[in-house]
Every structure is written in C-alpha cells, then in structure tokens.
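Student: Here is how the chains run, residue by residue.
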Amino acid sequence: MLSDGVRLATERLILREAVDDDAPALLAYHLRNQERFAPWEPKAGTEVAQHRQWIAWRRKETDAGNALTLLAFDRAAPEALVGIVSLDGFTRTPRRTAMLSYTVDGAYEGKGYAREACEAMIAYAFDVLDIEELNATYDVANARSGGLLARLGFTVIASTPVIPGMERLMRAQSLAVRARAS
Amino acid sequence: MNLRLDTPRLVLREPDDSDAPALLAYASRNESRFARWEPENVDDLGHHLRWVRWRRAESAAQHGISLLALDRAVPGALAGVINLYGITGSPTFSAMLGYSLDGVYEGKGFAREAVGAVVAHAFGTLNLHRISANYHPANERSGVLLRGLGFVVEGYARDMLYLRGTWRDHILTSLTNPNWKPPGAVERDRRA
Chain B
1 MLSDGVRLAT
11 ERLILREAVD
21 DDAPALLAYH
31 LRNQERFAPW
41 EPKAGTEVAQ
51 HRQWIAWRRK
61 ETDAGNALTL
71 LAFDRAAPEA
81 LVGIVSLDGF
91 TRTPRRTAML
101 SYTVDGAYEG
111 KGYAREACEA
121 MIAYAFDVLD
131 IEELNATYDV
141 ANARSGGLLA
151 RLGFTVIAST
161 PVIPGMERLM
171 RAQSLAVRAR
181 AS
Chain D
1 MNLRLDTPRL
11 VLREPDDSDA
21 PALLAYASRN
31 ESRFARWEPE
41 NVDDLGHHLR
51 WVRWRRAESA
61 AQHGISLLAL
71 DRAVPGALAG
81 VINLYGITGS
91 PTFSAMLGYS
101 LDGVYEGKGF
111 AREAVGAVVA
121 HAFGTLNLHR
131 ISANYHPANE
141 RSGVLLRGLG
151 FVVEGYARDM
161 LYLRGTWRDH
171 ILTSLTNPNW
181 KPPGAVERDR
191 RA
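So the sequence lines, in the order shown, correspond to chains B and D. As numbered in our numbering, the first sequence has no gaps in its residue numbers, which increase by one up to the final residue, 182. As numbered in our numbering, the second sequence has no gaps in its residue numbers, which increase by one up to the final residue, 192.
Bound-form chain B, shown alone (with noise of 0.2 Å):
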C-alpha cells in the first residue's frame, strides 16, 4: 500500500526494496558487522533462510503499510551492500509519524554514507509519504548514531533516567524527533 517497489536514487547510493536474492548478501552483510552492530542490535540470523524470512517479513510489513525498508547499495559497486534504512511504527492520528532507523555498513562507516541514505529516506517520508513528524531512538554510547541524527536535523527529547545501579539492566538511550519543514 505505502509502496509498489520503492527505489531512491543518491549521489552514490541506490536505494531500493529487498527481494529474496538479497538473502545471501544481507547474510554476508550481518556477518562481516557482526562485532560492530552486537552493543546496539538485536543478534540477526547466521543462516540464509532466515534472511530470506526477514525479506518476506520486511514484504509483508511494507505491503501492509506498516513499514518501508530500503537496502543502499553502492552505486560505484553495484553489489555492495552498504547499509539498511528503515520506516516503521507509523501513527496516523492525530499526526502522520515514523520512526526511521538505519544501519551502515563498516566498510562505508564515517564517509557520509548512511547520511546519504538516510536524507534520501525522510525526504521520502516528508514529500511522498507525507509523514509530519520522524522521530528515532539511539544509544548514548552510540556516538556515531548520535552525530548522523544530529547532523540529519533530529533533536533530542527524551533519554533514559540515569539509575545508579541499574547500569547493567538498562542502556542509556534517547529518543530524537525531526518535524517536516513547514
């Protein structure tokens, strides 16, 4: 419903919806970021299947309206894989919001990539989906995450409350917002 094969174009990224071929290089991609993404996010599939099943369930989220997810790849190197960006939880009323999330690639990591892909993504989501307002969580240790939504025009507007002795229990985090440009 949001999307009929969504596909950006960048500068030097293209991005586009997963198909099932994509399975084998998400594995790769997964793999070869493993260390670099395990302090922020959730353990992803070690095998092609389950890759594959992430595709399908991106598809099916997607054409449900629930969720756009776009692979970048490099536009230099067509296979490349540089990074994922992500729409979801939308609210419909009383606003039109998302929250955008991303991962990048180590290879691609401080280049300006995954703000590439992200720009070209909420430019998506103001101008065509018509989404008001993104918003988008991040680890405070996360200092990269935490400069791309800064430099992407995000503000902060709520964080974890700092618990002493409960460190282990919970990561510092926080929530930032963008509004569309009015």
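No lab work stands behind these hints: they were computed from the structure. One or more of the hints may lead you astray.
Said to hold, decoys possible - Quick list of the computed label-pair ranges, beta carbon to beta carbon: (1) D/T92 <-> B/R168: 42 to 48 Å; (2) B/V48 <-> D/A60: 38 to 44 Å; (3) D/R141 <-> B/E35: 42 to 48 Å.
Even for Gly, the Cβ is constructed at its ideal location relative to N, Cα and C.
Assemble the complex: chain B is given as a structure, and chain D must be docked to it using the hints.
Tutor: Frame of chain B; chain D shown alone:
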C-alpha cells in the same frame, strides 16, 4: 482526545512518545518481579516507543486503551500501567484487562486504585458489559486484587500464554456491569 482519569493518589493518562524512556526504566527496574508473568524486557528504547505508538493507534481506533498511572506525590514517578485490549461492541460489549505495578507501590492499594478507576471508566463512559482478566495461578497478589474488585473466577486455561520459552496456565476471571445500558438507552440519555 487523550483520556485522563484522576484518583486520590494517581493520575492516569495515555502515554505519548516521550514516555518511552520512563517505560523502559519501569520494565528494567521491575524485571526480576515481572519475570514470572510478563514477556521478557527488551532493553531497547525503540521497542518501548513502538509499544507506545501501537497503543496510541489502538486507542485512536477505539480498540484499546493504555494508561500510565503516575504518582501525584512524586512528579514523573510511573507507579503502574493499566491496559484494556480488544474493546468490542455488540454483541459482547467487552474488553480484556491487563496491568502491572512498580515494586515500590506494591501492597499499598495503588493497583486497586488504578485498576478500579479503569474499570469504572470501562463500565461508565465506555458502557462495556464485561471485563475479563487472567492471571497466573502463582500470582496471588493479582488474584487478590481481582477478587477485591469483584472479579469472579470462570475457569482455568492450561498452556494459555507462551512467555519466555514456556507455556503458562492462567486463571480466567471476569466482572460484569450491573449498570450496563442497551445502546438505544445510552442514545436516549444523551438526547435527554
């Protein structure tokens, strides 16, 4: 638009996005208490934010309501969470009740105060006829709370919930509304 209920010691209101950190902290600090009855806490702010947004969508669709119970005496202190799921109109006029309470507030009548207010709202404003609530047989506090509010045991469901890798039995209870009005009568009252 946003429901708010007032009790002597609590304010009950619907959550919004900015409550997600408080909900994560609530689930985290009560993890050992909730372990036997609740799904595993996910230490991810996004997870709790998605929960808020799901509950708000359910509320907008009039399928459910979630209310945060906040302590009037301690601004910002989340004492509990009360949920109505599956609000259904004719012919059952019913909903399912769920709740949790922070450990600090246990045993002082706060749960009864909060759940009582939600039951009153469900039977009054929403004009529901039946509220069902299920609890784990070993969760005696929950049983005492429900019996105190007049809920009656209706059955025993084996292997009802799959939580943390095992199936859990539940005791089924419900409360019916002695002051329920047929929909036509509500309309007449409104016109009067």
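Student: Can you give the numbers of the hints that this structure goes against, from lowest to highest?
Tutor: Result: no hint breaks.
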